[in-house]
Every structure is written in C-alpha cells, then in structure tokens.
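Asks: Listed below, chain by chain, are the residues.
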Amino acid sequence: MDEIDAILRAASGRAEEAEVFFSTSESIGAELSRDRVRIGQAGHAMGLGIRVFAQGRVGASSTNDPGRWEACLDAALAAMRLADPQPWEGLPMPVALPGTPLALDPSLSPAPATVAGLLASMQEGAASHPEAVVTAGSAGLSRSHVVVANTHGLRYEETETHASCSIEAIAGTSTGYEFASSHALDLDPRWVGEQAAFFAAFGAGGEPLPSGTHDLVLSPLALASLFEAVLLPALVGRNVHAGRSRLAGRIGERVADARLSLFDDPHRPMGPGATWFDAEGVPTRRLDLIRDGVLEGFAYDLRTAYRYGAASTGSAVRGGYGGAPSIGFHTLVLEGPVSEVMAKPAVYVRSIVGAHTANPISGDFSVEVSNPCMVEGGAFVAPVRTAMWGGNVFDLLDAIEGVSAETRVVGEMVLPALRVSGQHLVG
Amino acid sequence: MVRYWDLRHVAGETTTIDIDNGVIESASTSFFDRAVIRVLGPSGWGVVSVDNYRALDLDRFIAEALALAGLTGEPVELADAPHRVLPVPVPSDDPRQYELEEKTRLLAGIEAAARGESVRNTRAVYSERYETVRFASSEGVEYAYELGRSGFNVMAVAEGDGVVQMGYERRHAVNGFPLRTGVPCGEKARETAVALLGAKAAKGGRMRVVLDPELAGVFAHEAVGHAAEGDLVREGNSVLAGRIGERIGVAGLTIVDDPSLPGFGFDPVDAEGVATVRTEVVRDGVINALLHTRETLAAVGNGLAGHARGMPGEVPLVRMSNTFVENGDSSLDECLAECRDGILLIGSRGGQVDPGRGVFQFNAEYGYLVEGGEPGGMVRDVSLSGEILGTLHEIALIADDRRMHQGYCGKGGQSVPVGDGAPHLLLENAVVGGSGRD
Chain A
27 MDEIDAILRA
37 ASGRAEEAEV
47 FFSTSESIGA
57 ELSRDRVRIG
67 QAGHAMGLGI
77 RVFAQGRVGA
87 SSTNDPGRWE
97 ACLDAALAAM
107 RLADPQPWEG
117 LPMPVALPGT
127 PLALDPSLSP
137 APATVAGLLA
147 SMQEGAASHP
157 EAVVTAGSAG
167 LSRSHVVVAN
177 THGLRYEETE
187 THASCSIEAI
197 AGTSTGYEFA
207 SSHALDLDPR
217 WVGEQAAFFA
227 AFGAGGEPLP
237 SGTHDLVLSP
247 LALASLFEAV
257 LLPALVGRNV
267 HAGRSRLAGR
277 IGERVADARL
287 SLFDDPHRPM
297 GPGATWFDAE
307 GVPTRRLDLI
317 RDGVLEGFAY
327 DLRTAYRYGA
337 ASTGSAVRGG
347 YGGAPSIGFH
357 TLVLEGPVSE
367 VMAKPAVYVR
377 SIVGAHTANP
387 ISGDFSVEVS
397 NPCMVEGGAF
407 VAPVRTAMWG
417 GNVFDLLDAI
427 EGVSAETRVV
437 GEMVLPALRV
447 SGQHLVG
Chain B
3 MVRYWDLRHV
13 AGETTTIDID
23 NGVIESASTS
33 FFDRAVIRVL
43 GPSGWGVVSV
53 DNYRALDLDR
63 FIAEALALAG
73 LTGEPVELAD
83 APHRVLPVPV
93 PSDDPRQYEL
103 EEKTRLLAGI
113 EAAARGESVR
123 NTRAVYSERY
133 ETVRFASSEG
143 VEYAYELGRS
153 GFNVMAVAEG
163 DGVVQMGYER
173 RHAVNGFPLR
183 TGVPCGEKAR
193 ETAVALLGAK
203 AAKGGRMRVV
213 LDPELAGVFA
223 HEAVGHAAEG
233 DLVREGNSVL
243 AGRIGERIGV
253 AGLTIVDDPS
263 LPGFGFDPVD
273 AEGVATVRTE
283 VVRDGVINAL
293 LHTRETLAAV
303 GNGLAGHARG
313 MPGEVPLVRM
323 SNTFVENGDS
333 SLDECLAECR
343 DGILLIGSRG
353 GQVDPGRGVF
363 QFNAEYGYLV
373 EGGEPGGMVR
383 DVSLSGEILG
393 TLHEIALIAD
403 DRRMHQGYCG
413 KGGQSVPVGD
423 GAPHLLLENA
433 VVGGSGRD
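Chains as they are written, first to last, in the numbering used here: chain A, 27 to 453; chain B, 3 to 440.
These are computed hints drawn from the structure, not numbers from a lab. Glycine included, each C-beta is placed from N, C-alpha and C at the ideal position. Possibly wrong hints are sitting among the right ones.
Over 10 Å on every C-beta distance to chain A, these chain B residues come out as not near it, computed from the model [to be verified]:
1) A138
2) E148
3) E237
4) E430
The calculated label-pair distances, taken between Cβ atoms and stated as ranges, are [said to hold, decoys possible]:
5) A/A431 to B/A69: 24 to 32 Å
6) B/E104 to A/A230: 16 to 24 Å
7) A/T140 to B/V90: 57 to 65 Å
8) B/V90 to A/G143: 40 to 48 Å
Result set (SDA-like, lysine to any residue): computed pairs, CA atoms no more than 20 Å apart in a straight line [claimed, not checked]:
9) B/K205 to A/G453
10) B/K202 to A/S190
11) B/K413 to A/R60
12) A/K370 to A/S430
13) A/K370 to A/F406
14) B/K205 to A/G448
15) A/K370 to A/E432
16) A/K370 to A/F420
17) B/K413 to B/M313
18) B/K413 to B/G238
19) B/K413 to B/V317
20) B/K413 to A/G69
21) B/K202 to B/M406
22) A/K370 to A/C399
23) B/K202 to A/C399
24) B/K190 to B/V317
25) B/K205 to A/S237
26) B/K413 to A/S190
27) B/K190 to B/M406
28) B/K190 to B/K413
29) B/K413 to A/S192
30) B/K202 to B/Y170
31) B/K205 to A/G238
32) B/K413 to A/G403
33) B/K190 to B/G238
34) B/K205 to A/R60
35) B/K205 to A/P236
36) B/K205 to B/D343
Just chain B, same shape as in the assembly:
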C-alpha cells in the first residue's frame, strides 16, 4: 500500500574552469540528470535513485520503492506543512550571458592577481551550476523552478625561509556572477599567504577570543545548527534533544536558519515541496525551535518543516541553509578592548561537530594576538573547540556588523551550498589549539 509518494527530478549543466599557475587546465561543461522517488509504504520509506530519469518509468519506480519499503519497521508519519514556491531572485548579472571564453579570461585575471613576490603557486577554479528542479507528489503538489549558482575560489602559496603558507579566498552567489568583480580576492589571497610567512604558530590554551564574522558564522553552524537538526534529535544523537525552552546562552543571542533568504543557501521551496521559512533556533539565549522535515516534525515536534534539502537523486535530509547570529549592540572595538589579551581569529578553514557528544572543532585561516586590547602579531594554524552546552554562555559581547559568507556543508555523504554569518563575537574561556610551543 502506497501511503505517499514524491518525485524530485533535477537536470542541468555544470561548468568548471581550472587555471593552475597560469595554465588553463580545463574549461568545460557537463550535463547531469538525476531523480529520486520516495514511497511511504505501510511503515517506512522505500527510495529509488536513478540516473537519466524518464517520466514513462515513474510507475515502475514507485512499485520498486514500495517493495523496498517492505524492509522497514519504523512507522513514519508526515506532518502537514504549507506548500509555497518563492520567486527565484532575478540575477542582476546572469553568468549565462557570458561565453566560456569570457569566463576563462575573467578567472585568469583573478589568478594573475594572486601572483607576486614569494608566491610560488597560484590556482583559481570557477564553478557554475544551473539546474531545473521538478517535483510532484501523491498529494497533488507539483512545481518546477530553475536556479543557478556560480562562484570561484583562488589560492596563493607563498614560500620563504623553508616555510610554506597559503592564502585562500572564495566568492559564490545564487543567480549572480561574482567572477566579474573577483580580482581583489586574488590580491587578498596573495597578501595573506605572504603575511603568513612571518606569522608564528599559535600557542594553545584557554583564553578570550574575538571571532570575525566569517568564523563566528561557522561557529553558529557547527556549535548550534547541526545539533538542532531534527533527524539527529530524533535518533537521540543531539545534546539539544529535550531542551526546548532551556537557556543555552546569554540574553540577546539569537541564532537563525532561513532558507527563504536569497543567500547562498537559498531554496525557493524545500526538497519535499514545503514552504521555506525563518526558524529561530535560539531566541534571546533560549533554545526555541528545531529544524525539520515533515517526517522529523511529526516525530519530534518543536520547530518548523521546510528544511529538507538533498543533492540531485539523493534522499533529502534535514539541512541548514543560511545560518546566522543576529546583530547585537556592541562593536569590534569594544570586543577587542574587552578581550584585552587573547586572539582575534579570522576566516575559516572549516569545522566539524559531534552533536551527540556536543563537541565541536573549527579552524581559523589565521589570527592576530590581542595585547592590551590592540591586535598585534599574526598567528597561523589556530583552532577553536568547545562544548555546545557551555560555549554559548561564554559569549560576552555581540557586535552589530553581521556579514554572510558562502560555503558547502557535508552530511550523510551529501554536500549542499550554505551561507553562514554573524557579527564579531567576544568569547570568554575558549579552548584554542595550536602547534606553537613556548
């Protein structure tokens, strides 16, 4: 017995350009076509993922998925949730109006800007993906939309006195074309790599730290966002389970996930046809709501559906989209003055969390020692770790200068585009790791 089915079919084109040390290694376009068919049988899900989907085969795939659902014993229910498709932002600068040759020329300009004295390697990569998403379900929900993302990254590797360091910058956008204005990123990558040659390895220990907006955004994503994902909560694999209404952090701290914003994590509608909405995970320091799919909302409650996302052909999971800390009323200067002696951490090389243990780790691109409230010498290879349930109480100041950054987040073998952001934050008693010694 089929209680419910849906189909999500995604087809499109990807373009990748790779320039390495001045050589155009590749500049190519490829095509993809993938679909996932989900069926809710008497108890749980049966799912078929298929390449090169043809609508004629839908009934056959539904039957196959129903047979697979026979393996399951978990009674799955779906919560009701509103359906809505937001308009896709109209690009001010559409990447598709530029020829591949022009994109290659623009990327070469960014890569060239990363070259300079002490720089021994530069590399820049452009990626662009346009996809058409078609959805249909047994509830009669049908939609189709087209969405594009494009962006680039640029890296400079500098060497001096046997030390090798790198600078890395990236810009991505939904329905925009950051490539056209990317030259300053190449320059920034070069400057960072060269400056890091003179930086010291950070010394680990407990101290006050100031996080820049990019790293503070990753902090919100790793320290809070993942643990608020309804599937992890349902499995009993999150320290936030059963803590709705509990104070987790300081008054004034609000952490949001909002896929309806036109940031890099934008979705006009989620992967099961549900309206995307703003979810305040933490409101004024209190755990307020969890991120859900229809299934996890029915199983766990306390939150909103609309957070289902999946790569083409893959089962949608509860995922973050645009995740950020709302502005406070402080400033960077106040954060530094209050920090007195500590480290100002800049940029992100990524992070990871074990939401069950409630432990997270992430790495800054570099930092500056703060001495007497002033940023001083540069440090490299510095990381921050902590425990979800304690860390947010240690936020002492929240500035009012929020910025968003773009990245990709991996979970369950799937990588999705996300935006993370925050204002500058001052954190007390942070566990800083580094390879430096006295």
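Bound-form chain A, shown alone:
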C-alpha cells in the first residue's frame, strides 16, 4: 500500500514512534442448506491499523478506508494523549527473517469451482450414513496479505492462504458436526461429511448414563473449547500480572501431569498460526509454557513485557486490523503420554455445550456434553444420552491417563484426544 510510508512520515513528526498494520483479503465461499447450495459468497476485505507512541503513552486507531488515514492518525494521536504512561522501551528494529512462506499454498486461489467441489465431496461422504441427513454446510477459500511496518524502518510482509469446510447432519434429534481447516488445499471433505453423518446416526437413541464418577475421553474439539475458555487466558502475561490467572506466581512448579507438555511452535510449517513475526513485528520463536508438567513461562507482547520486566515472547496477535494487538498464541501444541485412549471403557465426549460459561479464573466448569458415547476396545460401542459434567480445567491437567497418537488442528491449537479419570457426570 502506497500510504504506509506517508503515514509513517506524517506520524514521525508528531510522535516518537509509529506502527502501521495493513491487511487485505480476498475470499470465496458457499453454503449448503440441506442438500443444495443456497448461497455463493465473495469477500473483499481491507483494513488499516495505526499505533503511535510517545513518553510511554500509546494510542491506536483503525479504519478500512485507507483514504481516511489522516483522520485515523489524528484519532490515534488523541488516544495517545489520553492513555496513562507506562514503561516502554521501543518498537522492534528490523532483523533479517527467513523469507520462506510458512502458511502459503501457491496453488490455492479463491475459485468458485473449488468451493463447489468441497461441498459436493462432503455431501458424498455424508451419504455413507443414509440414516442422517445434512442440515447445513459451508466451504471457504481465502488469500490474505499483511504488512507490519514501523518508524525504525521495519517492514515485514506475509501472504497466507486458507481453506476450510464444515458440515452439520441430523438423525432424529441426534446431531453431528465436523470440520477441517488448513493453509493448503489438502482437506479431506469426504471424511468431514462421513464423520458428521456418523456422529448424527450413531448418537440416536442413547440410554441415560448413571450419575457418578467416570473415565472420559475428550476429543480434541472438547479439549479445545475448555482450553480456550480457561487455560489459554491463564497463560497470557497480562492476565497473570493483573491477578486474573490461577497460574500466577507458579513458574517452576508442577501444574500438570509430569508427562504433559504445552508449547507454542510458530515455525511449524502450515501450523494454524505459522508466522516468522508477530503482530507488532517481533520475531516469533518456540515458547515452552508447560514442560514435563512444570510451568515454564507465559506469553508476552512488548507492552506487557516492558511493564513487568520480562521479554516479549513474540506472542502479539491481531484478530483483525482493528484496535491494538493482544497477547495470543500461534500454533499451540499439546504433547503427553501416548496410549490407546479408547482401549478401556470410557465415556467419549465429542463436544461440549457451554464451555464459554466456565469460570475463567478458578477454572471450575459445569457443562453439557454433546454426542457422548461409550467406547471400548478402540471402538465406539453405544451412544448415551446427554449428561452434565462438572469439574475444573486445572485439575484435569493432573487427571490424565493418556493422549492419542493422532492429533488435529482446532483453532490455533494442535491437540490429541485426552483420557482423564475420576470425572463427575450427572445423567
């Protein structure tokens, strides 16, 4: 974008430092309604975010009209004057980064025919369980470009591609859902369709479960929703120092089963958030959060790091161009003791209704388990009726029996299925 240099030049006279984030994206998608394509969609998105800094004060503003960058810069400067000063040691200087794209499939272009093909393959897969019917589905392809630049001459650019598909099916009042998401066009839409229809068909007519203590196998989907609600926020440096994390002050202590490790691996090729630099231009690196059950560290952006005497871990992320970057994760990987998690009898929890209602600070939750079924000998044995599950996310980390060898990407996480013992269900 031509305006980037103009913005940085204009800002440098009025603030000590400035940063510009500019993103553009082209996307194509289509949606199924029952057995037919109901809608074809395209998106042309762009956005500009400006941050300015002086004497420890920071101001931000954004717009998706680059022609209005002057008003946007004025708003960022006004915001800067209002903010309280905090310790600040400067935006990053440019360094040489590897140029290899980490999240780009050059062959992926947002073409309508490709999207239609994904939907058709999901439908074919779903047809392998004719007891279930498809209720809705979607497929999408996108190609996006981001630029991060600052007044120290830093200018990084990255192009990434994305493909996704998802489908919902129902048999009676038993529902099934599956999805796939990747930077490359390597999805298996037939499998996605087959899985959704399987869970819908298999879940019909389950018996109620006796209330009491059970072993559970949490699918990567179920695990991801609990981690997102509780564990990830507890590992964010800002929450830790603000007194909003139960893990505060526990670095070096054992917080999980000694066989469990959790780390952010931003350089994993085609990882969900794979990138060489974070949202404020800090080079990314591997970040160990829990190693062999011991809490190793937290995630920081520049602002939180300067304030609390830590170093940025390259963990600044942006949900879009708007506002300021926040602390997040790129490709979060969970590793544990691999075993046949479905060998001994257990209740398999496919997904959870209401994970976002968990208490993000204490970790206590009380949720509804969806598509539960009994598993044994590595196979799904029988469906069970829905049940309530009460527990605590932090305690779960210590109740681990094993993890599956197979992993999958859910959001920014790469997760196995997890077997836990001693969980309380109300049938």
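Following the hints, position chain B against chain A.
Replies: Relative to the frame of chain A, chain B by itself:
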C-alpha cells in the same frame, strides 16, 4: 438474470476505553465502512461483502454476486412483507455530547468503585458505536437511519485463602448513556466477588430452582428462541419444526421476540427493509409463531418476517432481538415458598443450545441454596441444562416482576446486541450442574 438485489451499507465510528487496575490502557476511536450486496439469481443467492464501499461500484458488485449465485441450486423465494422504518428513540442523554476525556473519567470512577479489601484486580471497559445504515433494493425500497449503542462492563477479582472469584456487571443501552450512572455497578461487582469467596461449589442433581429475571431471560433465549429461528427450522435443525399449535409449556406462559421495542436489541427496520414487529413464539403455553426473514417465511411459513439482522458487511440471518417471558401473576416470595428446598439462581455467564437435539445449557453467576422456602448460603459455578421439549412444562410459577438485561448473541460467526428478560420463574425437576461433592 437478477431477480432481486439489495445493498446494506453501514459506516460509523467505535470508541473503546479500557481501564485495568487503575491504568488507562486505551481510549480510542476507530472508523469502519462495510457493505453487503445480495443478488437473487435464477435459483439462490450470490453475495459480495466489501470493505470501504463506493456507490460507483454497485453495478460491478451486482454482476459479481450474480456470477456467484450461479453456484447455487436451492430455489429461493422471498415472501412479501411490509416495509416500515420506526423512528429511532431520541436519547435523553447523548453519549456524543461528552468528550472522550469525560467518558474516561466516568469509567475510571466505576472502576475505582470496584476496588476494596480482598480485591486484587479491577477492570472496566466502555464501548460505544454509532453507525449510519443505508439500504436500497431492486424493489425500490430505500432508507437510511443512524443508531448508537453504548455501555460498559466492570469486573472485580477477589482472592482469599487461595480461592479466586470474580464479580461482573454490565449495562448497555440504545441511544443512551449508562456510563454516567454506573458507579453502583462497580460496587456490585466488588461485593459479588468478595461474597463468592465464602460461597460453596454447588452440588449437581435434579431439583427445584428459582431463576432470577436475568437468568430466566437467557433461559427463554436459549431454550426457546433459537429453536424458533426459521433458518434452523428450514434446515430441519430444530426440535420445534412442525410443532406449530402444539402445547410446549404451561398455560399462562408467553414468550415473545420484539425488535420494535427500544431495548438493546432494537432495530427500527430489519436488515432487508422489513417492518420489525412483535412475534409471540409461545402464546399461553402453545407454539404460536416462528421468527423469519423473507426467505425463511416463504420456505417454512408460520410466523412473521422482520427478524433479519446482520453485522455490517455480513449476510443477514434470522436473529432474536428483545426476547422475553411475559409477566405471570405470582411473586418471588411465592416462588421461594413453593420451591421449599432447591437453589435460587442469579445472573448469567451465558449459555448455548443445540436446537437440533433440543438440548440447552447455561450458567448462573452465582446462587443461594433455598431451605424451607428461604434463601440461605451462597453457591458458585452452578449451571442449568435441559431439553427444550420437556423444560417448559416444568415451569410451575411465573412472577410479575419482569426486567430486561443486555447482552450479545453469537450465531454463524456474527454477534448482535440483544435484550433478554423475564420475571422470576420457578422450575421443577431442573438438571443443575456444579463441581461440588458431598
């Protein structure tokens, strides 16, 4: 062949102020401009979403959308529906007459009120959004209006004896300025967080519960509202499909969605130009009407259009707006007396529903054990779940003290402002979840 097109262009400004533990982290204004162009081709929809829309490009976007409509095979028809734009309520207290500095000072006062003994973190966030909505369609319908929403939330985190608990309050309004009178919310967040330090974890099981108006409103939204959305019904993904005229709950139970009310879910006109109206989803215990867009009304019938809502630049979906249980003739005291032994549940930390399975779950902020008809000890982390088709029959008493609360509801990746409300309700045989043990 273009059978129909419409354009919805939304542009405006957002202001956000974030104060964390006494530090003004940010106080900033940003700008947005998004549009969505929908075209009905020979069968289904083609849609283009675009940032930074320019009217000169309309013909090009219509052509692009028409090409995308070529992907579709679903024959879409649009029902006729009346067009009308309601006047936007005039604010008694317009947020735009206050400078950013003044708003920051007011928010700081609320955040300060949340501090106190045992409180180790406080945070308050103000958000304000003013938007101008412009609509035009091939049917010659054109309108423009300006609408603003503003409000805040405040959180207190308390710690004692290794226990960490939080209190959370929020107030939002259409064309109003709740920030100016928000200090009691800061105090309430502090009191809740500190009181919860002494609360016990709730024990799960089946029991009688009394729901406060906020939680009972979420109950109406999750247990009934979503399943009444015409798009889910059309997909076959709602247990309410084909049940118009069936008794779903007790006599006297009426559940309404009404986007024409000036609550937090207010729309002067819906996102496809249709007049917003009151829809009685449940009337006197019987499933009465579904919520619709023009498309789902044509496909499914039984209900009213006027419930299309969309985020700027996004395809409108069938959405709830102001959803509530009408008053009955009981009272909180009667509900507690009739409950005898159970739990009184207060406030909401949100909920979720699977309308196809007919199962919902939602979480209270806290509760009180009811013993011998009297509220007693405080409990925390308590949730409620149930099945849509059975639960409404279990409503034993409906009080006459309805209040509305403000929140946001997510569906299909879009979040829209909603109001939920109800009077106190007594529910028999409720499935309560909690992490407490004997």
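Asks: Does each hint hold? Answer for all of them.
Replies: Against the structure, the hints:
1. A138: Per Cβ check, B/A138 is outside 10 Å of chain A; nearest 19 Å; holds.
2. E148: 18 Å, holds
3. E237: 4 Å, violated
4. E430: 17 Å, holds
5. A/A431 to B/A69: 24 to 32 Å: At 45 Å between Cβs, range violated.
6. B/E104 to A/A230: 16 to 24 Å: Given range 16 to 24 Å: violated, Cβ gap about 59 Å.
7. A/T140 to B/V90: 57 to 65 Å: 43 Å, violated
8. B/V90 to A/G143: 40 to 48 Å: 46 Å, holds
9. B/K205 to A/G453: 14 Å, holds
10. B/K202 to A/S190: 44 Å, violated
11. B/K413 to A/R60: 18 Å, holds
12. A/K370 to A/S430: Holds - the C-alpha atoms of A/S430 and A/K370 are around 13 Å apart, at most 20 Å.
13. A/K370 to A/F406: 11 Å, holds
14. B/K205 to A/G448: 16 Å, holds
15. A/K370 to A/E432: 17 Å, holds
16. A/K370 to A/F420: 24 Å, violated
17. B/K413 to B/M313: 11 Å, holds
18. B/K413 to B/G238: 17 Å, holds
19. B/K413 to B/V317: Given that 20 Å is the threshold and the Cα spacing comes to 12 Å, the pair holds.
20. B/K413 to A/G69: Given that 20 Å is the threshold and the Cα spacing comes to 19 Å, the pair holds.
21. B/K202 to B/M406: It is violated: about 28 Å lies between the C-alpha atoms, which goes past 20 Å.
22. A/K370 to A/C399: 13 Å, holds
23. B/K202 to A/C399: 31 Å, violated
24. B/K190 to B/V317: Status violated; Cα separation ~39 Å.
25. B/K205 to A/S237: 12 Å, holds
26. B/K413 to A/S190: 18 Å, holds
27. B/K190 to B/M406: 18 Å, holds
28. B/K190 to B/K413: Outside the cut-off at roughly 30 Å; violated.
29. B/K413 to A/S192: Status holds; Cα separation ~15 Å.
30. B/K202 to B/Y170: 18 Å, holds
31. B/K205 to A/G238: Since the Cα atoms of B/K205 and A/G238 sit roughly 12 Å apart, the hinted pair holds (cutoff 20 Å).
32. B/K413 to A/G403: Answer violated: B/K413 to A/G403 is near 38 Å, above 20 Å.
33. B/K190 to B/G238: 43 Å, violated
34. B/K205 to A/R60: It is violated: about 41 Å lies between the C-alpha atoms, which goes past 20 Å.
35. B/K205 to A/P236: 16 Å, holds
36. B/K205 to B/D343: 13 Å, holds
In this structure, the hints that do not hold are numbers 3, 5, 6, 7, 10, 16, 21, 23, 24, 28, 32, 33, 34, in rising order.
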